[in-house]
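J.: We have chain A; now place chain B onto it with these hints.
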Amino acid sequence: MSSMTEYKCPSCGSTLEFNPEKGKLFCEACGNEYETDAIKAFMKASENEETQERKHFNWDEYRKNKEEYKPLEGVKVYVCQSCGASIETDENTAATKCPYCDSNVILTDKVSGALTPNAIIPFKITPKDLPKLIKKYCKGKRLIPKGFFDNNKIGRLQGVYVPFWLFDCHADGEAAYMATRVVITRQGKYDCYTTSYYLLEREGEVTFKNIPVDASMRIDNDLMDSVEPFDLNALEEFDKAYLSGFLAESFDTDPDTEMDRASDRMKTSMINSLRQSAVGYNTVIQKSGNINIDGADVKYVLLPVYFLNCTYNGKNYRYAINGQTGKIVGELPISMKKCAAYFGAVAAGVFAVVFSILQFLL
Amino acid sequence: MMKKIFASLLSFLFIASFACTCFADSGKPPWFPDDLESFEDFHDENAPRVVDNADVLTDDEEAVLLEKIRDITDRTGFDLVIYTTPTSYDYGSDRALLARDFYQFNGYGYDEEYSGSVFMICFEEGNRGWESQGCGRVREYFTEENINALDDYIDSDMRNGDYYEAMLTYTDKLSELYSTGTLVYDEDNTVFNIGFSAVIAVIIAAIVARVLYSGMKKVKTATNADLYIVPGSEHIRVSKDHFLYIHTRRELRQEDNDGGGSTFSSGSSSGGRSFSGGGRSF
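Protein chains in written order, with our numbering: chain A, 8 to 369; chain B, 9 to 290.
Next comes chain A alone, as it looks inside the complex:
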């Protein structure tokens, strides 16, 4: 016994009938005719509507590597009493302040827990460079309260090697889009809008390499996303010597969990890539999408970042400075006095100009 498939008209939703003479599907309700392939594609897209799934990839390789992560020898571990950060450094470097919360840290006798990363990007920016970078960063930002950044404090910052997972993945996906093309013609007193509707099918693949996701629970994810990009070509094999004068933290999140963040980013890029191939239409709206991610590989690396904590009006403001490129990110406080002064000055100036013009013209 064979099953019957009922095709619906994309325009009005009525049931379509096959016209043997034309070899097309015909809608009696609205009079539209469709190619069989187009309706099959439309039905398939409708069935997959709003479903976007991700295959869980094989972490066996990662787990095998994880077991091989060896404890770092000759590393001191500090624990912050305030935020619980576990901060590592070499035997010759002292950590007096927690780089994350600015609290005092105490030295513990715990020497295990630090695992050897796959690679590291050494610091390029030195603490001496920071005042100049901050000054450049503040240029043009007219609403910063006067004297907000304390240069004395900035010059004494300690750089931190932040743990990151780097994901290598292959994304394969398909998406369907409803697209329209509009032609406007003049017919006597009327403007005639002829809209042609299309179903677009796209399938493709993209390979991603070294998508960084920070592996520390204590660090704000958005802050670390924003401090990107790092030049990952500068990755070097880990050497304990790079920790001299700097602090470091071991990962405390599982890549399985963090993969969701990387996966969302890949999915967006994949969908954008498919979408960009739909050209020549007035509107393109995604109808369905299905992205699979596989072939994942992950590396554990340390990337250089400076953290700066400042307080204004009782609120703590936190900044991250890329230790390789000098890029600074963070939310700046706003001086309401300056804001009101700028608003008033601009409003008064514009009012005077517009009013003068209107009085002259009218």
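Check each hint, because a few of them may be wrong.
[What the hints assert, rightly or not] Listed below are the simulated DSSO-like cross-link pairs for lysine-lysine, each with C-alpha atoms no more than 27 Å apart in a straight line:
1. Lys-226/B with Lys-142/A
2. Lys-345/A with Lys-334/A
3. Lys-344/A with Lys-143/A
4. Lys-153/A with Lys-226/B
5. Lys-248/B with Lys-29/A
[Stated by the list, open to error] What follows is a set of in silico ranges between Cβ atoms, one per label pair, in the way DEER data are often shown:
6. Thr-229/B with Lys-47/A: 35 to 43 Å
7. Phe-33/A with Gly-269/B: 55 to 63 Å
8. Met-224/B with Thr-332/A: 16 to 24 Å
9. Arg-149/A with Arg-167/B: 44 to 52 Å
10. Thr-229/B with Met-343/A: 21 to 29 Å
11. Ala-355/A with Asp-102/B: 14 to 22 Å
12. Asn-323/A with Lys-228/B: 43 to 51 Å
13. Val-238/B with Pro-138/A: 33 to 41 Å
14. Val-72/B with Ala-359/A: 19 to 27 Å
15. Gly-115/B with Asp-198/A: 53 to 61 Å
16. Gly-269/B with Asp-198/A: 21 to 29 Å
17. Thr-332/A with Val-238/B: 40 to 48 Å
18. Thr-190/B with Thr-202/A: 55 to 63 Å
19. Val-238/B with Cys-90/A: 33 to 41 Å
[Unchecked claim] According to the in silico footprint, chain B covers these stretches of chain A (three or more CB under 8 Å from chain B):
20. 148-154
21. 196-208
By construction, these hints were calculated from the structure, which means they are not laboratory data. Even for Gly, the Cβ is constructed at its ideal location relative to N, Cα and C.
T.: Only chain B this time, still in chain A's reference frame:
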């Protein structure tokens, strides 16, 4: 039998009166001379100076207008009549001719040139508009610029249905025209200019503040991984565009129609007298 005759007579009278009304509305106005060839100009001192056939004025409003007209006439020696009509009779869209004929055939106008003017509002459906027509020495004042200015002053009230307010403004401005010789439409836009400038100023200041504010926050979640795409790895395997159907929609095109200026003309009435003036539709 008598009842039947009486009913038939009543029906006949009703039909006849209805026919007469129709004829009157579409034919010549009642004041149009029976014999145009033998018509002679005359002046009727007692002719009403407010003829509200369209019934848009109250008795009190008519009294106020009459007082203003009397004041203008006493000061300038020019006649003025305000005339409203629900029909244009058989004049059709030639409202200027209707106004001129009304003025001439009803005996308006002082001195040997019958100097004066008529302000007429026609309320006929599809032919609504007003006319100012001047005769004799008033023609010197009824230039295109002055008529335009006069119409500008009352335009808003006319379109809003404030006919009495429009007539008051009209008489005031006509009096000003006779005093100064020229009339310039000088709308006081100060309040509008202040309000408009303030709104623009606040909007632009808010945009500037927003731009300054947006530069203060540089933290956001990364939403894509475009930076980490391996060059040359993007590959679109399937790219099919299926045509589905066509939908057509027609919209009546919006024609540009400012409708702002007055129609100005110099011409003669049916009786051969010269007039100048103009008006607008509303």
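J.: Each hint: holds or not?
T.: How the hints compare with the structure:
1. Lys-226/B with Lys-142/A: 16 Å, holds
2. Lys-345/A with Lys-334/A: 26 Å, holds
3. Lys-344/A with Lys-143/A: Between Lys-344/A and Lys-143/A the Cα gap is close to 23 Å, so the pair holds against 27 Å.
4. Lys-153/A with Lys-226/B: Roughly 19 Å separates the two Cα atoms, so the pair holds.
5. Lys-248/B with Lys-29/A: At roughly 22 Å apart (the allowed maximum being 27 Å), Lys-29/A and Lys-248/B satisfy the hint.
6. Thr-229/B with Lys-47/A: 35 to 43 Å: 38 Å, holds
7. Phe-33/A with Gly-269/B: 55 to 63 Å: Holds: the Cβ-Cβ distance is about 57 Å, inside 55 to 63 Å.
8. Met-224/B with Thr-332/A: 16 to 24 Å: Hint holds: Cβ distance 21 Å, inside 16 to 24 Å.
9. Arg-149/A with Arg-167/B: 44 to 52 Å: For Arg-149/A and Arg-167/B the Cβ distance comes to about 49 Å; the hint holds.
10. Thr-229/B with Met-343/A: 21 to 29 Å: 27 Å, holds
11. Ala-355/A with Asp-102/B: 14 to 22 Å: 55 Å, violated
12. Asn-323/A with Lys-228/B: 43 to 51 Å: 19 Å, violated
13. Val-238/B with Pro-138/A: 33 to 41 Å: 38 Å, holds
14. Val-72/B with Ala-359/A: 19 to 27 Å: 44 Å, violated
15. Gly-115/B with Asp-198/A: 53 to 61 Å: 54 Å, holds
16. Gly-269/B with Asp-198/A: 21 to 29 Å: Distance hint for Gly-269/B, Asp-198/A holds at roughly 27 Å.
17. Thr-332/A with Val-238/B: 40 to 48 Å: 21 Å, violated
18. Thr-190/B with Thr-202/A: 55 to 63 Å: 56 Å, holds
19. Val-238/B with Cys-90/A: 33 to 41 Å: 37 Å, holds
20. 148-154: With 4 residues close enough to chain B, the hint holds.
21. 196-208: holds (count 13)
Hint compliance for this structure: hints 11, 12, 14 and 17 are broken, all remaining hints hold.
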